[in-house]
Amino acid sequence: MKRPGERDSGLPESLTRHLTGRKGAIWPTPDDRNRYSTGAHRPRLPSKVFRGVWLWAAIFNLAGGAILALLWSSMG
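Numbered per the numbering used here, the sequence shown spans residues 19 to 94.
Wrong hints could be hidden among the right ones.
[Stated by the list, open to error] With beta-carbon atoms standing in for the labels, derived distance ranges:
no., residue 1, residue 2, range
1, Pro-61, Ser-92, 41 to 49 Å
2, Gly-83, Arg-62, 25 to 33 Å
3, Pro-64, Ile-85, 23 to 31 Å
[Claimed, not checked] Distance condition first, Cα-Cα at most 20 Å in a straight line; then the derived SDA-like pairs of lysine to any residue:
no., residue 1, residue 2
4, Lys-66, Gly-83
5, Lys-66, Phe-78
6, Lys-66, Gly-82
These are calculated hints, taken from the structure and not from any lab test. Glycine included, C-beta positions come from ideal geometry on N, C-alpha and C.
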């Protein structure tokens, strides 16, 4: 459905409806270019899930390295 002031692109609406940004979009839209910026934001702290996955991966790699070291030492 064409909004007032919109150009007619000649394409069906089903192909173009996702090209216009929503107000709650997380990515910048053309409307955001002129919006006032509040400056740099503090980065978010990693969540507990991210830390848990990182810890699991570190332990998994250390255990795998220990097993490989034991196998290597038993070969020679």
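- Query: Which hints, by number, does the structure contradict?
  - Reply: 4, 6
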